[in-house]
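J.: Sequence:
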Amino acid sequence: MPVSKPLITTKVPFGQNFLASEEVPEGAYKGVSLEIEGAGRGAAKFDNATGLDVKIPANWELKEGESRCLFLTWDVQASLREGAFRPVLYAMPQERPLRGETLYVTCDEINTLFVIRTDTNRVVASLATKESPKEMATFPRSDRLYVLCEGSRSLLSIELSTFRVIDSLVLPMVLRPRFLTMIDGRTLAITDPPNDQIILVAAASGSLLKSRRLGHRLMNVVYWKEGEQLFVSSTGEQKVYQLDRALRTVRAYDTGLRPRGIWAYKSWLYVADSGSGTVSLFNLRTGRLVGRVRSGREPIYILGTQRRLYISNQGEGTLGILWPGQMAISKRIRVGGTPSMLAVCRVRRWVYAVDRAGKGIVVVNATSLKKVGSIVLGNLPYGIAIAR
Numbered sequence: 041m042p043v044s045k046p047l048i049t050t051k052v053p054f055g056q057n058f059l060a061s062e063e064v065p066e067g068a069y070k071g072v073s074l075e076i077e078g079a080g081r082g083a084a085k086f087d088n089a090t091g092l093d094v095k096i097p098a099n100w101e102l103k104e105g106e107s108r109c110l111f112l113t114w115d116v117q118a119s120l121r122e123g124a125f126r127p128v129l130y131a132m133p134q135e136r137p138l139r140g141e142t143l144y145v146t147c148d149e150i151n152t153l154f155v156i157r158t159d160t161n162r163v164v165a166s167l168a169t170k171e172s173p174k175e176m177a178t179f180p181r182s183d184r185l186y187v188l189c190e191g192s193r194s195l196l197s198i199e200l201s202t203f204r205v206i207d208s209l210v211l212p213m214v215l216r217p218r219f220l221t222m223i224d225g226r227t228l229a230i231t232d233p234p235n236d237q238i239i240l241v242a243a244a245s246g247s248l249l250k251s252r253r254l255g256h257r258l259m260n261v262v263y264w265k266e267g268e269q270l271f272v273s274s275t276g277e278q279k280v281y282q283l284d285r286a287l288r289t290v291r292a293y294d295t296g297l298r299p300r301g302i303w304a305y306k307s308w309l310y311v312a313d314s315g316s317g318t319v320s321l322f323n324l325r326t327g328r329l330v331g332r333v334r335s336g337r338e339p340i341y342i343l344g345t346q347r348r349l350y351i352s353n354q355g356e357g358t359l360g361i362l363w364p365g366q367m368a369i370s371k372r373i374r375v376g377g378t379p380s381m382l383a384v385c386r387v388r389r390w391v392y393a394v395d396r397a398g399k400g401i402v403v404v405n406a407t408s409l410k411k412v413g414s415i416v417l418g419n420l421p422y423g424i425a426i427a428r
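Counting in the working numbering, the sequence shown runs from 41 upward without gaps.
One thing to keep in mind: the hints can contain errors.
[Said to hold, decoys possible] Result set (DSSO-like, lysine-lysine): computed pairs, CA atoms no more than 30 Å apart in a straight line:
1) Lys306 - Lys51
2) Lys70 - Lys95
3) Lys265 - Lys371
4) Lys410 - Lys399
5) Lys265 - Lys306
6) Lys371 - Lys410
7) Lys103 - Lys51
8) Lys410 - Lys95
[Unchecked claim] What follows is a set of in silico ranges between Cβ atoms, one per label pair, in the way DEER data are often shown:
9) Pro65 - Asn323: 55 to 65 Å
10) Leu248 - Tyr130: 44 to 54 Å
11) Met367 - Pro180: 26 to 36 Å
12) Asp87 - Arg216: 32 to 42 Å
Read the hints as simulated data drawn from the structure, not as lab findings.
In this text, a Cβ means the ideal position worked out from N, Cα and C, and glycines have one as well.
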């Protein structure tokens, strides 16, 4: 199979290169062969490094329907002895990832979940999912990760300590479910854009608890812990609906052209309007619009902490920084690509942004507010979540 880039270099962020992704037959494998067309140090080329065929032993078994990673370690110093290039490489199949502050990423085109260690920002494992995995949800101190699969209309329950799918639940009354949020560790709220529907399901069984048709083209959904209520954006009706736990409407907010990302904190509601390029701020006590902040081109997602809000401006490749209570963007971080969903690692002080154009995850230092690199997956990422 061809590698993703013709040039492999030692100068890469986080010390890991993505090489290739391919569907291969099931069976037992005893190694891998790597064809090297040439090698050099700086501008100088090695005369003996043309057309090398390197055999790398490794024993692993691939079962039908599995998705697994194979890691190649290049010993650079051992490969550059006596002025010649003699490649020294080792192959290591993935092992069960350890628990900790771990990043999970769904890739919907290859039905795969990737695992990334936040201390090294390196991919350590992958797992096959059902068709078209989208958003994920977890709960603090829980051993479960829930993955919403749009194509199969199902909810996967993954046990993180063993890194295996322990249940696959077919969701009732949905066509193409895409967005979800965890309410209390036991209940999930899921929106189904083509069906104009929001449903509540039991996380353990997938059984339907409540359902309601609402608005037109329901999209992002978030849970407001302080008020024990839900907010869901409707791009078709240009509104954000505030719902109680029984899915009754508490209030509807007129937001703009195409409301998408939502963040509710204390008595404030922030809504990203991808159509107008603004973020609207509402007072949850009065329901009134406080004002609109010019964010950037096509803001699509908002993630907030107690100190600041991060806004993905998908149309211009930036992350906007907004301090709670401010009515102006304080900083724009140029990350490139098409940033969308976000996650924050508080322990390591990282901000992660899904970048489908770059087929990877952008990493931003939350202290310096600068991009430090990208984790290339070689496939289109969609959802992102951190399990602690």
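J.: Would you mind marking each hint as holding or not holding in the structure?
T.: Against the structure, the hints come out as follows:
1. Lys306 - Lys51: Violated - the C-alpha atoms of Lys51 and Lys306 are around 44 Å apart, more than 30 Å.
2. Lys70 - Lys95: 10 Å, holds
3. Lys265 - Lys371: With a Cα-Cα distance of about 28 Å, the restraint between Lys265 and Lys371 holds, given a limit of 30 Å.
4. Lys410 - Lys399: Roughly 20 Å between the alpha carbons, so the hint for Lys410 and Lys399 holds.
5. Lys265 - Lys306: 9 Å, holds
6. Lys371 - Lys410: Within the cut-off at roughly 10 Å; holds.
7. Lys103 - Lys51: 35 Å, violated
8. Lys410 - Lys95: 40 Å, violated
9. Pro65 - Asn323: 55 to 65 Å: Between Pro65 and Asn323, where Cβ atoms are some 59 Å apart, the hint holds.
10. Leu248 - Tyr130: 44 to 54 Å: 50 Å, holds
11. Met367 - Pro180: 26 to 36 Å: 32 Å, holds
12. Asp87 - Arg216: 32 to 42 Å: Given a distance of about 57 Å, which is not inside 32 to 42 Å, the answer is violated.
When each numbered hint is compared with the structure, violations occur for hints 1, 7, 8 and 12.
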